[in-house]
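Novice: Chain by chain, the residues:
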Amino acid sequence: GNSVTQMEGPVTLSEEAFLTINCTYTATGYPSLFWYVQYPGEGLQLLLKATKADDKGSNKGFEATYRKETTSFHLEKGSVQVSDSAVYFCALSDRTGTASKLTFGTGTRLQVTL
Amino acid sequence: GAVVSQHPSRVICKSGTSVKIECRSLDFQATTMFWYRQFPKQSLMLMATSNEGSKATYEQGVEKDKFLINHASLTLSTLTVTSAHPEDSSFYICSANGGVAEQYFGPGTRLTVT
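Protein chains in written order, with the numbering used here: chain W, 1 to 114; chain D, 115 to 228.
Since the hints were derived computationally from the structure, they do not count as laboratory data.
Here the structure is a predicted model, which is why all the values come from computation and not from measurement.
All C-beta atoms, glycine included, are put in the ideal place defined by N, C-alpha and C.
Incorrect hints may appear among the rest.
To be verified - Straight-line C-alpha distance at most 30 Å; calculated BS3-like pairs for lysine-lysine:
| no. | chain 1 | residue 1 | chain 2 | residue 2 |
| --- | --- | --- | --- | --- |
| 1 | D | LYS128 | W | LYS49 |
| 2 | W | LYS52 | W | LYS101 |
| 3 | W | LYS68 | W | LYS56 |
| 4 | W | LYS101 | D | LYS169 |
| 5 | D | LYS155 | W | LYS101 |
| 6 | D | LYS169 | D | LYS128 |
| 7 | W | LYS101 | W | LYS56 |
| 8 | W | LYS60 | W | LYS77 |
| 9 | D | LYS155 | W | LYS77 |
| 10 | W | LYS68 | W | LYS101 |
| 11 | D | LYS178 | W | LYS101 |
| 12 | W | LYS52 | W | LYS77 |
| 13 | W | LYS60 | D | LYS180 |
| 14 | W | LYS77 | W | LYS101 |
| 15 | D | LYS180 | W | LYS77 |
| 16 | D | LYS134 | W | LYS101 |
| 17 | W | LYS56 | D | LYS155 |
Unchecked claim - Chain D regions said to be covered by chain W (calculated; three or more residues, Cβ under 8 Å):
| no. | region |
| --- | --- |
| 18 | 148-157 |
| 19 | 195-202 |
Said to hold, decoys possible - Listing some non-contacts, in silico: residues in chain D with all C-beta distances to chain W over 12 Å:
| no. | residue |
| --- | --- |
| 20 | ALA116 |
| 21 | CYS127 |
| 22 | LYS128 |
| 23 | SER129 |
| 24 | THR131 |
| 25 | LYS134 |
| 26 | GLY167 |
| 27 | THR171 |
| 28 | GLU173 |
| 29 | GLY175 |
| 30 | LYS178 |
| 31 | PHE181 |
| 32 | SER187 |
| 33 | VAL227 |
Isolated chain D (complex conformation) (with noise of 0.2 Å):
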């Protein structure tokens, strides 16, 4: 139980387009999904908070306008980069849980900005 996919698991644009990543909790409702970016041998950097039905809260630094987040349903959430760039290349996790502490992640996106 308490599988997360993404997809796609690999995507290359070019620049200046939009991407969009779907996360998706298979088996479960998740009432809060979580947005992750992560470098090459680094941590994970939180982006963002998305709640079912409302609008995601964006952490300090991270814009909101570029980094379009969707939670339409309790199984669903999306991340669009918008006008991608190179230096938007990275590695994208996603989470959820369905009300209790415990996150569980999905296998990640990697973007190539081209």
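Okay, chain W solo, but in the shape it has when bound (with noise of 0.2 Å):
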């Protein structure tokens, strides 16, 4: 079946540091890959999403690449602010054009200092 790993947070990064957040995953067939974020206390907000292969979505300074050869779909920011402070979770749909399930990893807790 379809999985999402995330690596664990929390991470605790200082204002204006370098993000990354790694996301593999683990799919039959050409999933669409996602990312969203969640602040506290509310739902899920699409961050930015990819369709297929070496696709990058971007979005806010966020970026991440579809890579299908190492199944992976890393989150990165060159410049993270106090207000990036959330819940971030990778995901996938195994279908793409129509409804579908979506898995989504664990979730990793950014926090940003001043």
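Reassemble the complex: the two chains are provided individually, in unrelated frames, and hints are given to aid placement.
Specialist: Printed below as a string of structure tokens:
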């Protein structure tokens, strides 16, 4: 079955530091890959996505590249801010173009300090 | 666009009572809605998939008689936790899509059973 593995947190960084959150996946076929962010007490917001190999998703300074050869979708940001403190979830869906289930990683908590 | 609301945002109920949580797609029609449960500091666990006008599909291990799901219209799905017990206390999140791969998440409902 499908699975997503994320690096365990919490990750604590100083403001303006470089961020990497690792994510690898196991899936049959050609999944779409997503990063979601969850702020305290809130639901999930889509941060970025990629639907095929070598696609790069980007949003708000965050980037992730769909690497089929390494089955990875690592999240990066060059300079984090305190407002980026949240829990980040990597996820995959096993079909495109139609409703499909999402499989989530366990989430990585990011804490950014001044 | 693509806003999903949940009501209530928080609810406290006594053990043995039933609680209904609503999930609405505000500006689009959702052919499929998903219900998730999230335990503290853990990932989202998919409980069930509901398609408008048909019975929900429950994930393995989820009691369909305890977690009643109704998707009576293209903009509304409800989750009823019947005969709630303290172990049902959790954060319940719904998501919806309108026929494309991306899911839009509601803000979540925190249920506390005393």
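Novice: Confirm or reject each hint.
Specialist: Evaluation of the provided hints:
1. Taking the CA atoms of LYS128 of chain D and LYS49 of chain W, the gap is about 41 Å. The hint is violated against a cut of 30 Å.
2. Distance restraint check for LYS52 of chain W and LYS101 of chain W: the Cα-Cα separation of roughly 17 Å lies within the 30 Å cut-off, and the hinted pair is therefore satisfied.
3. A hinted pair counts as satisfied when its Cα atoms are at most 30 Å apart, and LYS68 of chain W with LYS56 of chain W qualifies at roughly 12 Å.
4. The straight-line distance between the Cα atoms of LYS101 of chain W and LYS169 of chain D is roughly 16 Å, inside the 30 Å bound, and the hint therefore holds.
5. Restraint check: the Cα-Cα separation between LYS155 of chain D and LYS101 of chain W comes to about 21 Å, which is no more than 30 Å; the hinted pair holds.
6. Distance check on the hinted pair: LYS169 of chain D and LYS128 of chain D sit about 28 Å apart at the alpha-carbon level, within 30 Å; holds.
7. As the CA atoms of LYS101 of chain W and LYS56 of chain W are separated by approximately 22 Å, the hinted pair is consistent with the 30 Å bound.
8. Of the pairs offered as hints, the one joining LYS60 of chain W and LYS77 of chain W holds, with about 9 Å between alpha carbons and a cut-off of 30 Å not exceeded.
9. With a C-alpha separation of about 23 Å, the suggested pair LYS155 of chain D and LYS77 of chain W falls inside the 30 Å cut-off, and the hint holds.
10. Simply put, LYS68 of chain W and LYS101 of chain W have alpha-carbon atoms about 20 Å apart, close enough for the 30 Å limit, and the pair holds.
11. Taking the CA atoms of LYS178 of chain D and LYS101 of chain W, the gap is about 18 Å. The hint holds against a cut of 30 Å.
12. Of the supplied pair hints, the one linking LYS52 of chain W and LYS77 of chain W holds, its CA atoms being roughly 21 Å apart against a limit of 30 Å.
13. Only pairs whose Cα atoms come within 30 Å are accepted, and LYS60 of chain W paired with LYS180 of chain D is rejected, the gap being roughly 41 Å.
14. Restraint check for LYS77 of chain W and LYS101 of chain W: the C-alpha separation of about 27 Å stays at or below 30 Å, so the hint holds.
15. Of the pairs offered as hints, the one joining LYS180 of chain D and LYS77 of chain W is violated, with about 43 Å between alpha carbons and a cut-off of 30 Å exceeded.
16. A hinted pair counts as satisfied when its Cα atoms are at most 30 Å apart, and LYS134 of chain D with LYS101 of chain W qualifies at roughly 23 Å.
17. Of the pairs offered as hints, the one joining LYS56 of chain W and LYS155 of chain D holds, with about 28 Å between alpha carbons and a cut-off of 30 Å not exceeded.
18. With a cut-off of 8 Å between beta carbons, the region 148-157 of chain D has 4 residues touching chain W; three or more are needed, and the interface restraint holds.
19. For the region 195-202 of chain D, the stated coverage by chain W is not satisfied: 0 residues place a CB nearer than 8 Å to a CB of that chain, which falls below the threshold of 3.
20. Not every Cβ of chain W is farther than 12 Å from the Cβ of ALA116 of chain D; the closest lies at roughly 9 Å, contradicting the non-interface assignment.
21. Once the 12 Å rule is applied to beta carbons, CYS127 of chain D is consistent with being away from chain W; the minimum gap is 19 Å.
22. Every beta carbon of chain W lies more than 12 Å from that of LYS128 of chain D, the smallest distance being close to 23 Å; the non-interface claim holds.
23. Every beta carbon of chain W lies more than 12 Å from that of SER129 of chain D, the smallest distance being close to 24 Å; the non-interface claim holds.
24. Non-interface call for THR131 of chain D relative to chain W: holds, since the shortest CB-CB distance, roughly 24 Å, exceeds 12 Å.
25. Every Cβ of chain W is farther than 12 Å from the Cβ of LYS134 of chain D; the closest lies at roughly 18 Å, confirming the non-interface assignment.
26. With a closest Cβ-Cβ approach of about 14 Å to chain W, GLY167 of chain D is found to remain outside the 12 Å limit, as its non-interface label requires.
27. Its closest Cβ contact with chain W, about 10 Å, brings THR171 of chain D to no more than 12 Å, contrary to its assignment away from the interface.
28. Distance to chain W contradicts GLU173 of chain D as a non-interface residue, since its nearest Cβ pair spans about 9 Å, not more than 12 Å.
29. Residue-level check passed: GLY175 of chain D sits 14 Å from the nearest beta carbon of chain W, beyond 12 Å.
30. Residue placement check: LYS178 of chain D keeps its beta carbon more than 12 Å from all beta carbons of chain W (closest about 17 Å).
31. With a least beta-carbon separation of about 17 Å from chain W, PHE181 of chain D lies farther than 12 Å from that chain, consistent with its non-interface assignment.
32. The Cβ of SER187 of chain D sits about 16 Å from the closest Cβ of chain W, beyond the 12 Å cut-off, so the non-interface label holds.
33. In this structure VAL227 of chain D is separated from chain W by more than 12 Å, as the shortest Cβ-Cβ distance comes to about 19 Å.
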